[in-house]
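With the sequences and hints as input, model every part of the structure.
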Amino acid sequence: MRSVSVVGIGETRFGRFPETSLKELILEAGTKAIANAGLRKEYVEALFMSNFSGQPFSGQGHLGPLAAEVLGLGHIPTIRIEGACASGSLAFRQALSAVASGMYDVVLVGGVEKMTHQSTEAVTAGIAGASDIDLEAGIGATFPSIFAMIAQRYFHEYGNVRDAMAMCAVQNHENALLNPDAQMQKRITVEQVKNGFPIADPFTIFDCSLVSDGAAFVMLAATDVAESFCPKRLVEVVGCGQAGDSLTLASKGSMTTFAATVRAAHQAYSMAGLSPAQIDLAEVHDCFTITQIINTEDLGFFVKGQGARAVSEGKTAINGQIPINVSGGLKAKGHPIGATGLSQIYEIVTQLRGDGGPRQLKKADIGLTHNIGGTAATCVVNIFRGR
Amino acid sequence: MKRCGAIYSFCVVHSSTEAFQGKTPYVLAVVEDNRKKLMARVEGYTEKTDIAVGMEVRFLAEDEKGNPIYSFG
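Taken in order, these protein sequences are the chains called S and U.
Numbers 44 to 430, taken from this note's numbering, label the letters of the first sequence in order.
Numbers 9 to 81, taken from this note's numbering, label the letters of the second sequence in order.
In case anyone wonders, no lab produced these hints; they're calculated from the structure.
Source: prediction; values computed, not measured.
Each hint should be verified, as a subset may be incorrect.
Said to hold, decoys possible - Straight-line Cα separation of at most 20 Å, EDC-like style, residue types lysine to aspartate or glutamate; simulated pairs:
hint, chain 1, residue 1, chain 2, residue 2
1, U, 56, S, 244
2, U, 45, S, 200
3, U, 44, S, 177
4, U, 45, S, 177
5, U, 31, S, 177
6, U, 31, S, 164
7, U, 45, U, 70
8, S, 275, S, 148
9, U, 31, S, 244
10, U, 73, S, 177
11, S, 237, U, 55
12, S, 406, S, 323
13, U, 31, U, 55
14, U, 73, U, 26
Written out as structure tokens, the structure is:
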């Protein structure tokens, strides 16, 4: 396989933009990514588009040609990829594989989602379609309730970590204050999180990621080709893993360790020849506060059962041992589903290039992204190294 | 003999999709029944119900799609 690097990134601000169309979001983020790579768009050989809910929420399908037309990419091949909240990372992995194989030298990956023009109930129902519609959504399960059951089981096995869960939200909000693209620009406290509007015990509204509109794009190129034109620090994709698990919660071997994460992470670390201790920063899928804690354990940053204490001790904060979600994460930067995985990559590349501005980490040479779909039924882990 | 299950995990749902809005708050649980785990609604919840992992729940009926429903007490 050929070495592949990220050469361009672009994203919209995440937020509530009910009047902004899918096309406008695509145009802004896609144009930024192409310009950021310093390449003319004629060099883009294929487009991989991620989107979860264009059809049900906006009546728009066939996102591949839509995006290619908006961006003026001509007759290149396009495809739309869907894997619930992991859609963006899945599109990235397909694009990576297409360049690594030698099929293309330069490809564009994009993700877009428009959600806030729908009611909360409609969004909840739409997302619940990423669970089993007969055995879960059909009996009243929502994603908050599924992950709330995971939290209750975690409490049973490892003790009540309610305060540390709240601290995840507090930290991610704190980080988002330094990110101009973040939807949430508001400091919150542990008490506010715990006393917020109840969603599914033990979650309040502050334990849940945001409903967002937004788009994010990433340009990939074969590293040897990229060296000839890319003016910025090359960010090489050194590891990529993907694994799956049962769609339903009840069929999982464990509720408190996500098998798909463990397997995808193992693949990514093996491919990169790196260990968890060598990662400088990570963007980790925090769809709910408990999920961030479980994920940091499954990724090997902390021993199982110690993820909550690590948060409370500040180990995951921006100045901690392993900064988690410096961008603000799904909780505070936002979670426009199809764009999320690419937004995580946007943050890692920004940090590895040293372009993080007020949120720039002192040491950022190796970064990791972790993205799950559904009840951790799909997982992609990527590892990036600045050259 | 009455069919029973044990709560493996649970949650009280306060915010639902439109289809279940009249039912909130309601309890969903993963129930272990005859060594199999399945997700089910558990009826009979009040604010005084102290739910815990391991708690016994009684099989009540199947819904129209064949999904089992359990009950507290």
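Going straight from one Cα to the other, do residue 31 of chain U and residue 244 of chain S come out at no more than 20 Å?
holds, 16 Å
Between the alpha carbons of residue 56 of chain U and residue 244 of chain S, is the straight-line distance 20 Å or under?
holds, 15 Å
Does residue 148 of chain S lie within 20 Å of residue 275 of chain S when you go C-alpha to C-alpha?
holds, 18 Å
For the pair supplied as a hint, residue 31 of chain U and residue 177 of chain S, is the alpha-carbon distance within the 20 Å limit?
Distance of about 18 Å is within 20 Å: holds.
Pair hint outcome, residue 45 of chain U versus residue 200 of chain S [Cα-Cα no greater than 20 Å]
holds, 17 Å
Does the structure keep residue 406 of chain S and residue 323 of chain S at a Cα separation of 20 Å or less?
holds, 7 Å
Is the Cα-Cα distance between residue 31 of chain U and residue 164 of chain S 20 Å or less?
holds, 14 Å
Is the Cα-Cα distance between residue 73 of chain U and residue 177 of chain S 20 Å or less?
holds, 8 Å
For the pair we were handed, residue 73 of chain U and residue 26 of chain U, check the Cα-Cα distance against 20 Å.
holds, 19 Å
Regarding the pair residue 237 of chain S and residue 55 of chain U, is the alpha-carbon distance no greater than 20 Å?
Measuring from Cα to Cα gives roughly 18 Å; hence the hint holds.
Given the hinted pair residue 44 of chain U and residue 177 of chain S, is their alpha-carbon gap at most 20 Å?
holds, 17 Å
Quick one, are residue 31 of chain U and residue 55 of chain U close enough, alpha carbons at most 20 Å?
Measuring from Cα to Cα gives roughly 14 Å; hence the hint holds.
In this structure, every one of the numbered hints holds.
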